[in-house]
Amino acid sequence: MTEKKIRVLVAKPGLDGHDRGAKVVARALRDAGMEVIYTGLRQTPEMIAEAALQEDVDVVGLSILSGAHMALAPRILELLRSNGQSHVKIFIGGIIPDEDMPHLKEMGITHIYGPGASTDEIIKDVREAVG
Amino acid sequence: MSVRLWDEVYILCYEAGIKVRICSEGMMTLVDSVLEGDRLALARILTQVENNSLEGRAALAELFPHTGKAHLIGVTGGSGTGKSSLVNQLASYYRKSGGLQKRVAIVAVDPSSPFTGGAVLGDRVRMRDLSGDNGVFIRSMASRGSLGGIAQTTSALTQVFDAAGFEIIIIETVGAGQSEVDIARLAHTTLVVEAPGLGDEIQAIKAGILEIADILVINKADRPGVENTERALRSTLELAHPTKRVIRHHGRSMSVTGPAADSTLWIPPIHKTVATEGHGIAELAESISKHAAHLRESGGWEARDRARLGSELEAVLSEALKARFHETTPQKQYDEVVAKVLSRELSPWEAVKSLLNGNST
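Quick mapping for you: the protein sequence lines, in order, are chains A and B.
The numbering of the first sequence is the numbering used here, which starts it at 1 and goes up by one.
The numbering of the second sequence is the numbering used here, which starts it at 1 and goes up by one.
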């Protein structure tokens, strides 16, 4: 019996300690039948890329509230690519100023969510992105 | 071409009877890449094997001759006893010179939701010390409906790691209660982790999880109540493994002899650890290697391998026989028999008998 599951890594890079959002999203994706690997707080880009590789995930969800997204996101993208994981989709949730969004999308971030985003929308987007 | 498209091409070829080798970049097969230590190829094969896909089975078949070298260590115990922290410390120990820098793979199992099939796999949270080390590979897996504490394909995953040259494979079960004992069939050495304050002596004499321990660990040994836990576990062990000892009875010293102190008998040692601080880890690791040596000397290593591979063969066989049965039996005939069972005309045993004999009555 073959059983395929969507695997998502939920990680919090950087130094802020507010992980409520990441946990809410992890729980919502779990309830949508996905397998969520939760790595906890204060992950470096290297740790995230390494976990994404070992766990062979389809999607990496990053929660960033510290304002360091323009430094962290490109580094993580670069590491995933150099590991041969350019097929992995990256989602970001957190406090992202409007003017940064086009830059992040251009870099290759698949979706960006701010405060008030609905978990149903995130679930739908993950399913579509994985295809 | 996307990975998914390749999967479909592979399945079409497989069904058409065309033999396909899966190649990653540079025209090497995924299996060859795994044998050469490619971590991305390893991760992809692990997924295929976990999903029990055709590619996964084909890869396992190619990898199987390379297995049989690793020491499989099972870590089980109740939720919140500190299994993940202990695994983190043990793996760190094996990576340092004290553990001869062995390559360590970790398979960490967490439960799937019985309602949605989803899971949150959180064992990595406690294993951050191990990141950045190429000699360690951590893979989280969901139990996907299995109730024995590990998933159906956990054993297959350990075979992939074994073939890939990991000398130590640590399997962390889901938080186990009393009867999730599948790990003992898989691992060479089973650690049962307890923590102080989780129940009285009667818990310790019940059948089940304590019986499978090769080594008992009382983690969080800096907490109050550790003496009581140790006493309870020790008295349970003495019931199971009585040896010659002197007791005081009505003021007199009496020598009591149990069954002969057999050198082939392994009496589970009890270790106290504080995993968050790293206390007691070196002693625990020493016990684990003593147990491995004991198994090799006593023939227990082979016996465990034989039992494990035998039961895996049985499982594959029954699945294959079932598949063959459904292929050769018309669905209509099967449905008729099910209807007769429903109307209580036939018992399930009679029904199976008639189905196997090829008639519907």
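Calculated from the structure, these hints are not laboratory results.
We treat Cβ as the ideally placed atom computed from N, Cα and C, and that holds for glycine.
Watch out, some of these pointers could steer you wrong.
Label pairs and their computed distance ranges (CB to CB) [as the list claims (entries may be wrong)]:
1. B:L321 - A:D120: 28 to 38 Å
2. B:G132 - A:A129: 40 to 50 Å
3. A:G131 - B:R234: 51 to 61 Å
4. B:D133 - A:P97: 45 to 55 Å
5. A:K4 - B:R324: 41 to 51 Å
6. B:D133 - A:A68: 22 to 32 Å
7. A:K4 - B:G165: 53 to 63 Å
8. A:A71 - B:G197: 44 to 54 Å
9. B:T276 - A:A68: 39 to 49 Å
10. B:Y334 - A:A129: 39 to 49 Å
11. B:L100 - A:K4: 15 to 25 Å
12. A:D120 - B:F64: 41 to 51 Å
13. A:G17 - B:A320: 27 to 37 Å
Simulated pairs of lysine-lysine, DSS-like, Cα-Cα distance not exceeding 30 Å [unchecked claim]:
14. B:K96 - B:K69
15. B:K290 - B:K322
16. B:K353 - B:K340
17. A:K105 - A:K23
18. A:K4 - B:K340
19. B:K322 - A:K5
Below, a sample of chain B positions facing chain A; criterion: calculated Cβ distance under 7 Å [unchecked claim]:
20. I138
21. R223
22. V226
23. W349
Hint by hint, here is what the structure shows:
1. The hinted range of 28 to 38 Å is not satisfied by B:L321 and A:D120, whose Cβ atoms lie roughly 44 Å apart.
2. About 28 Å separates the C-beta atoms of B:G132 and A:A129, a value inconsistent with the hinted range of 40 to 50 Å.
3. Taken as a hint, the range 51 to 61 Å holds for the pair A:G131 and B:R234, whose Cβ atoms sit roughly 57 Å apart.
4. A C-beta distance of roughly 37 Å is found between B:D133 and A:P97, which places it outside the suggested range of 45 to 55 Å.
5. The hinted range of 41 to 51 Å is not satisfied by A:K4 and B:R324, whose Cβ atoms lie roughly 25 Å apart.
6. Between B:D133 and A:A68 the Cβ separation comes to about 25 Å, which falls inside the hinted range of 22 to 32 Å.
7. Restraint check, A:K4 to B:G165: a C-beta distance of roughly 28 Å breaks the suggested window 53 to 63 Å.
8. Remark: the range hint 44 to 54 Å for A:A71 to B:G197 is upheld by a beta-carbon distance near 45 Å.
9. As the Cβ distance of B:T276 to A:A68 is approximately 29 Å, the hint placing it in 39 to 49 Å is violated.
10. B:Y334 and A:A129 have their C-beta atoms about 41 Å apart, which keeps the hinted 39 to 49 Å range intact.
11. Between B:L100 and A:K4 the beta carbon distance is about 39 Å. The supplied range of 15 to 25 Å is therefore violated.
12. Taking 41 to 51 Å as the suggested C-beta distance range, the pair A:D120 and B:F64 conforms, at roughly 44 Å.
13. About 52 Å separates the C-beta atoms of A:G17 and B:A320, a value inconsistent with the hinted range of 27 to 37 Å.
14. Between the alpha carbons of B:K96 and B:K69 the distance comes to roughly 21 Å, so the proposed pair stays at or under 30 Å and holds.
15. Our distance criterion of 30 Å between C-alpha atoms is broken by B:K290 and B:K322, whose separation comes to about 42 Å.
16. Restraint check for B:K353 and B:K340: the C-alpha separation of about 13 Å stays at or below 30 Å, so the hint holds.
17. For the hint linking A:K105 to A:K23, the alpha-carbon distance of about 24 Å falls within 30 Å, and the restraint holds.
18. Between A:K4 and B:K340 the alpha-carbon distance is near 36 Å, which puts this suggested pair outside the 30 Å criterion.
19. Of the supplied pair hints, the one linking B:K322 and A:K5 holds, its CA atoms being roughly 25 Å apart against a limit of 30 Å.
20. The criterion of a C-beta within 7 Å of any C-beta in chain A is met by B:I138, whose closest approach is roughly 6 Å, and the hint holds.
21. This hint is violated: B:R223 has a C-beta 23 Å from the nearest C-beta of chain A, more than the 7 Å allowed.
22. Taking 7 Å as the C-beta contact cut-off toward chain A, the hint placing B:V226 at the interface is violated, the least distance being around 28 Å.
23. Among the interface hints, the one on B:W349 is violated; its C-beta lies about 26 Å from the nearest C-beta in chain A, farther than the 7 Å criterion.
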